[in-house]
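Let the hints inform the model, and build the full structure from the sequences given.
If you read the sequence shown in the UniProt record's numbering, its first letter stands for residue 1, the second for the next number, and so on.
Source of the hints: derived by calculation from the structure; they are not laboratory data.
These figures come from a predicted structure and were not determined experimentally.
Please note that the accuracy of each hint is not assured.
As the list claims (entries may be wrong) - Once the Cα atoms are required to be at most 20 Å apart in a straight line, the calculated DMTMM-like pairs of lysine to aspartate or glutamate come out as:
id, residue 1, residue 2
1, Lys124, Asp74
2, Lys124, Glu76
3, Lys124, Glu73
4, Lys124, Asp67
5, Lys124, Glu143
6, Lys124, Glu141
7, Lys124, Asp138
8, Lys124, Glu62
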Amino acid sequence: MLPQTLLQVAYCAIPFPKQLPYTCDKLDDRLMTYSPFFIHGADRPSRWLITCDHATNTVPPEINGGDLGLPREDMERHIAYDVGAYEVSKHLGEILNAPVIAANFSRLVIDPNRGEDDPTLLMKLYDGSIIPGNRHADAVERERRLYMCYRPYHEALERMAGLPHAVIVSMHSFTRQLRGRDPRPWHIGVLHTPDERFSRPLIDRLEAEADLCVGVNEPYTGVLPGDAIDRHCTSHGRPNALIELRNDLIADNAGQREWAERLAVILQDALGESGL
Numbered sequence: 001m002l003p004q005t006l007l008q009v010a011y012c013a014i015p016f017p018k019q020l021p022y023t024c025d026k027l028d029d030r031l032m033t034y035s036p037f038f039i040h041g042a043d044r045p046s047r048w049l050i051t052c053d054h055a056t057n058t059v060p061p062e063i064n065g066g067d068l069g070l071p072r073e074d075m076e077r078h079i080a081y082d083v084g085a086y087e088v089s090k091h092l093g094e095i096l097n098a099p100v101i102a103a104n105f106s107r108l109v110i111d112p113n114r115g116e117d118d119p120t121l122l123m124k125l126y127d128g129s130i131i132p133g134n135r136h137a138d139a140v141e142r143e144r145r146l147y148m149c150y151r152p153y154h155e156a157l158e159r160m161a162g163l164p165h166a167v168i169v170s171m172h173s174f175t176r177q178l179r180g181r182d183p184r185p186w187h188i189g190v191l192h193t194p195d196e197r198f199s200r201p202l203i204d205r206l207e208a209e210a211d212l213c214v215g216v217n218e219p220y221t222g223v224l225p226g227d228a229i230d231r232h233c234t235s236h237g238r239p240n241a242l243i244e245l246r247n248d249l250i251a252d253n254a255g256q257r258e259w260a261e262r263l264a265v266i267l268q269d270a271l272g273e274s275g276l
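Next up, the structure:
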């Protein structure tokens, strides 16, 4: 049995209301100061659902005292979270009148965009940086983090994804250049599975923008068994797309708002073209 402190912070121990009144602005009184996810606009009526798996670089206080032993500059770069993606997601949700759900733990704590059996679920080395707080993380520690952070987020996401006719857009960002690698040319990437009902019209619409270099299943593949899209979309036949924005383009509020406004129009156009 897990310690009482974990039961206090684990949202999965709290019954989840069907109508989703919970928002990150009004936390349920039963929650402690830490929650593993945020929800914005739970009652917004749009068909869209915006998700953000790597929204924050938060290390919960119960994980290594809230510090993975990395310098600030590492915790503020792409290895710890998707820079700018959360802010774009929130702006996009407001424009589309759509709910937004975002994970509130660093991908270095445990990666919500990996399957539970994925070897990269709990990273000990990432883009040249050793993660001291993960060095001795064993199976027990891995299970503790799954229980505290990963599973509550996915349980909440699944409840939201199950709303009728939902079209799911997963927002991410990528670094322009990994250490020791060539610069990446794309401004935006769309990762997709063989289900292209929505992703193909979205790619076509983006490629019609003369000033954009669009990556198709770049800089990563869209087929990753057990990831968030596979778990909540592919396995249920839900239309979806995963969008990767280059993080230097959304590093400040102006860029975040500009991209949210631009994407809102493009997404609506693509949905119209899809006939969904």
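Now the hints, each set against the structure:
no.	hint	result
1	Lys124 x Asp74	holds (13 Å)
2	Lys124 x Glu76	holds (17 Å)
3	Lys124 x Glu73	holds (17 Å)
4	Lys124 x Asp67	holds (14 Å)
5	Lys124 x Glu143	holds (16 Å)
6	Lys124 x Glu141	holds (13 Å)
7	Lys124 x Asp138	holds (11 Å)
8	Lys124 x Glu62	holds (18 Å)
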